[in-house]
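Take the sequences, apply the hints, and build the full model.
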Amino acid sequence: MDEKIILKYTDIPEQKNIDTYIKNGGYKALQRALSEYKPDEIIHLVDKSGLRGRGGAGFPTGKKWSFIPQNIPLPKYLVCNTDEGEPGTFKDREIIEGDPHLVIEGIAISSYAIGAHKAYIYIRGEFAKGAEILTRAINQAKEKGFIGENILGLGFDFDIDVYRGAGAYICGEETALLDSIEGKRAMPRLKPPHPVAKGLYSSPTVINNVETLANVPRIIENSAEWFAGIGTPHSTGTKIFCISGDVNNPGVYEVPMGTPLKELLEMAGGIKDGKKLKAFFPGGPSTPILTSAHLNVGMDFESLKKIGSMLGSGAIIVLDEDRSIIKTVARLTEFYRNESCGKCSPCREGTDWLLKVYQRIIDNKGKKEDIDLLLNICEDIYGTTFCPLGDAATMPVISSIKYFRKEYEEYINGKCSNINN
Amino acid sequence: MENINILVEKELRDILKKYDYPRSAILPMLHFIQKKYGSISKKDVEIIADLIGINPTEIESVLSFYSMFNTGSSAKYIIYACSNISCEFKGAGEIITFLENRLHIKVGQTTGDGKFALRTVECLAACSHSPVIQINDIYYEHMTIEKMEKIISEMEK
Amino acid sequence: MENVVTLTIDGREITVPNETMVIEAAKKLGIEIPYFCYHPLLKSVGCCRACLVEVEGMPKLQTSCTLPVRNGMVVKTNTPLVQKRRKGVIAFLLANHPLDCPVCDQGGECDLQNFSHRYGSAVSGLKEFKDQKRTFQKYYIGPFVEREMNRCILCKRCIRFYDEYAGETTLGEFERAADTEIRTFYQTEFNPGFSGNTIFLCPVGALTDKVYRFKARVWDMESVTSVCPLCGTGCSIRIWTRNNRIMRITPDMNNNSNKGVLNNFLCDRGQFGFQYIFSNERIRTPLIKDKNGFVPISYEKAIDIIVSRLKKSIAESGVDSVGGIVSASCTCEEIYLFQKLFKEYIGSANVDFQSRISDSKQVNAILDESAEYSDLPGSGGFFVLGTNILHRQPVLGLYLRNLTKIKGYTLLLAEPYKTGMEDCATLSISYTPGTEAYLIYGLILCMLNPENIEEISHREGFEKITIETVEQATGVSKEILQKISSALLDKKSWTIIIDGEKESVLFSVHNLIMILNNMKKDITKSKILPVFSRPNHRGAMKIIQKSFNVRKIIDASLSGKLKFLYLLEVDPVSEFLDRKEIESVLKNVEFIVAQDVFLTETSQYASIILPGKPSYAKQGSFVCSGGIVRDLQEGIKENMESEWKTIIRIAEGLGYQMKYDTIDEIKNEMLPLLQKKGKE
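Keeping their order, the protein sequence lines are chains A, B and C. All residue numbers for the first sequence refer to our numbering, where the first residue is 1 and numbers rise by one. All residue numbers for the second sequence refer to our numbering, where the first residue is 422 and numbers rise by one. All residue numbers for the third sequence refer to our numbering, where the first residue is 579 and numbers rise by one.
Be careful, since some hints might not be right.
[To be verified] Examples of chain B residues toward chain C, derived with CB under 10 angstroms:
no., residue
1, Ser460
2, Lys463
3, Val466
4, Ala470
5, Asp471
6, Ile475
7, Asn476
8, Pro477
9, Thr478
10, Glu479
11, Glu481
12, Leu484
13, Ser485
14, Phe486
15, Tyr487
Hint data in this document are derived by calculation from the structure and do not stem from the laboratory. A virtual CB, placed ideally from N, CA and C, is assigned to each residue, including glycine.
Take a look at the structure:
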């Protein structure tokens, strides 16, 4: 647990305060970045560190930054994606509330790297407190000259704005998020053009997750090699896992990439009430569910992919032996059904249809064929939707039927009354 | 009343000034109105549309997309109960039922005196402290029926 | 050629321009790919997902409406996977659809019905949740369009039409996910003007025609293509009839065609305005004035009286004591016969069409060089001057809105009042009404050096005009005039769109164009595009050549020389500028024949009134403001005598043999008159 990179200081209440942050070594990385590195050197450094996006897709951060076209007369923007909406995910909130300056410093360095003079922190509307903490921190940073014109006398002008969402899971999708800042209905945009070419206000834009950006100051402070030495060869650094559900100590746990699930469960105090593990979502409900057979899986991009799941947002939701898979997935299906933006027909209508089938099953009116109907609907959603939300909605359904078909059958046959919730 | 509207309009103008791209002021303006009045009226939408220079339809269209904006009756305390699985596993359902009985309203309704409104929401990203209830802008974590009762009776005063 | 690419679709090669989308390339090969949100005249959004295809080298299926063609691309539109996914998409679209096809006006021309039939699954879970279909409340959105949200598949063509063409609207998209609804802001009516287009754009029965509602099934109707008579644009229309009654008017297209904006869209006036023909106020029989007012007489008797009065006037007061004015809403063939009767047979010079006040020769010479609609996309920019185009020629205005706002063409706008084009303009100015000629002269002043100005001034009688006088008259500052003139001198060709009925403006702009083309010899010539309220202004101008103008007819009557006047579908009292004058003119004429569809303000001065046919019941041709000859077909048959036959009857009464059995014979004889000068 001495390998904490991001959550190193979040337990200290005064860490929000800029003086404490500076006392703990804060803003040194910014000073160093601006004075010792050219922007492209920082991109190179981040690339070398192997840092990959922590929002879900795991795209190499340095590579994304390198796509920003230089030598064009448009402003460039950095957007910090704080629309943490994936159920079971709460790491970004912990970071911004616990160590806001770390995020701000990360944004400043990253903006310098890509040549952006303006950054937006898009924060989900529900995080009123987080928005307040960030705003206060930004003002402190402005007073101390870490944000503003000619930062630290090193010739870089830079400003950050906190932009509040208003309740829409789809804003986690980066182009929908951009539409949201532009004051529109947040609906994913057609790609290409990708945001790096034409993003916010039609200008080149990089969108990174909070956790991703919070790693940047640490990479500057230490070194790319140091970062690359943590975790696995292709999933470097640490990952913050949010463990919730049926465990004794739910919470955030920062561990090196590749740490086996088993260890994480132990850290979280094991399954509640001494029960057995039934299943878990390794990276939020948008990642295929896994079972107790997968306890030894290393929690990193590659290992999870190998067994047919994904690292996702790092939200491990644990279900004990008594949880009803059907009711759980039904609740998640309701979530996707309501959070679909409605733009494309397979997602809008498909999720609505899935929910109707689940409701029928839960109302004990299910038919034997409903299991195949669910799979069939998922098959027609998966890969045909405009954005990944549709695909995500199919994950819990397909994977839960894969591992718990018997439970579905029993439920439909009315033999499942002993299972709670 | 007239004066209040002028003041509010001035504040809306100040928000608008912050953005180079006027439409970007829509969400901040709506947040501002909602915080001030608890809900957003047709008139508010028209004022915002006028300030931004677009048709009110565009504002309403954006407003209705986001789940946090309230156009119905407002309440002094809007209770948002997280009902996604991590909270559900920790008893969110019982708390919601308790609130319905305690306040004599169903989810989605407002009490007759306009004091409480009850809503369910999706994951509030506080799952380590579940079940979570948000009242106006504040999170109440590790909720139990006892704690809920205490909060409600406090607010009833 | 570097601007084309070659790709393979279903094993067949095709070469297309490089900005083509795969769906369009496939269409060129005759390969049908189902779609709902795609429309050839709207930007692709890729939201219905019905047009998915397989592309070699791409792991996921691609929406062919958003996929630009690339060299060497190999596309498959009909693989088992594509078929399966299409079935899926169609099943999704039907999942919440009410399937109320038997009572839906879209039946027979519904894309959802057709594509489901062709590509959907015979077996589906549709019946599964028939009691749990999503339903929406009835909702009023306006007088012409009925909204049935339950049928909507959220392709959003209606909203996109407003975004890309008609502009601001109260029609919008509300809520989200499966609860998304298309409606207006708090029950407001959504903008009239172009609202009817959403009916044709809607691929399903979510937006239907209120006027046509429940009147007929599409397969029970007959239809002909014709030309809209309600302004100078000359939009192609399809007249749909049942039992010789017009049920509806639509553009001459279906969703699968792209004949360009001017043929695919209509304005609400053009689409719904036809209903006047059902009016009880229509004149159905000839009327004659007696002591007690107008009383019906037979057609034969009316013709006899007209002929005898004509004979009498000619015998007593000479051929110049008779004359006629014809409307620019009449067909070329009617106008041709009308002027032939007066000029060729009777020998009177007193024939003209409404409101013309100057020599047509010069005007025709200018108009022969004017822009055709097909020139517009090749134009570098548009200068719209004093036309109120969205009102005068709405669909042309709609086209310009799209070209300027969406396609990025420059628009300079000068109008005395707001006209609804401002949001598309690069530069928009207002000037004092009626000072167009000053304004143009001011622009010329800004462009030329002093010596040249002297020459022009001399020619135009503008000797004493300086930039200051222009500023004073127009209310437009020198700086703005300079801004416009330097924009016009930009290295591109311009189309200057003006009110074609104001001949002084036409002449001034003609000078401006000559100067522009002189100064920019190396680029495509700038051109004028005149705008007219009447459908056949240009035709009338061409056909009635070398005549005295209306002014002379008026003068002749004021001096008591005019004894007989035939007014063919023209209403001078309400149409001519000086009402008092025209009223005394009409009082002065002994015998007036007024032929029209309705009684007009002029009717009271008539001695005999003849019924007229609406254009929807006429065969013939119009010359539209873009200079193209367009053919009308008889959508309905009306049992009164046609105008052209009436003219022949009168001629025969006078002893002249007009030997025409069909409109085509007249047309063939008349057509050479419509030729442009210098063109074969």
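Now for the hints, and whether the structure bears them out:
This hint is violated: Ser460/B has a C-beta 15 angstroms from the nearest C-beta of chain C, more than the 10 angstroms allowed. With a cut of 10 angstroms, the hint placing Lys463/B at the interface with chain C holds, because the nearest CB-to-CB distance is about 6 angstroms. Using the Cβ-Cβ criterion of 10 angstroms, the hint placing Val466/B at the interface with chain C is satisfied: the shortest such distance is roughly 8 angstroms. The criterion of a C-beta within 10 angstroms of any C-beta in chain C is met by Ala470/B, whose closest approach is roughly 9 angstroms, and the hint holds.
At a threshold of 10 angstroms, the smallest CB-CB gap from Asp471/B to chain C is about 13 angstroms, leaving the interface hint violated. For Ile475/B, the interface hint holds, the least distance from its beta-carbon to any beta-carbon of chain C being 8 angstroms, beneath 10 angstroms. For the restraint placing Asn476/B at the interface with chain C, the shortest Cβ-Cβ distance is roughly 5 angstroms, inside the 10 angstroms limit, so the hint holds. Nearest Cβ of chain C to the Cβ of Pro477/B: about 5 angstroms, under the 10 angstroms cut. The hint holds.
Taking 10 angstroms as the C-beta contact cut-off toward chain C, the hint placing Thr478/B at the interface holds, the least distance being around 4 angstroms. Against a cut-off of 10 angstroms between C-beta atoms, the interface hint on Glu479/B holds, since the closest Cβ of chain C lies about 7 angstroms away. A distance limit of 10 angstroms between C-beta atoms decides the matter here; for Glu481/B the minimum to chain C is near 5 angstroms, and the interface restraint holds. With a cut of 10 angstroms, the hint placing Leu484/B at the interface with chain C holds, because the nearest CB-to-CB distance is about 9 angstroms.
For Ser485/B, the interface hint holds, the least distance from its beta-carbon to any beta-carbon of chain C being 4 angstroms, beneath 10 angstroms. Proximity of Phe486/B to chain C holds as hinted, the smallest CB-CB distance being about 5 angstroms (cut-off 10 angstroms). Nearest Cβ of chain C to the Cβ of Tyr487/B: about 8 angstroms, under the 10 angstroms cut. The hint holds.
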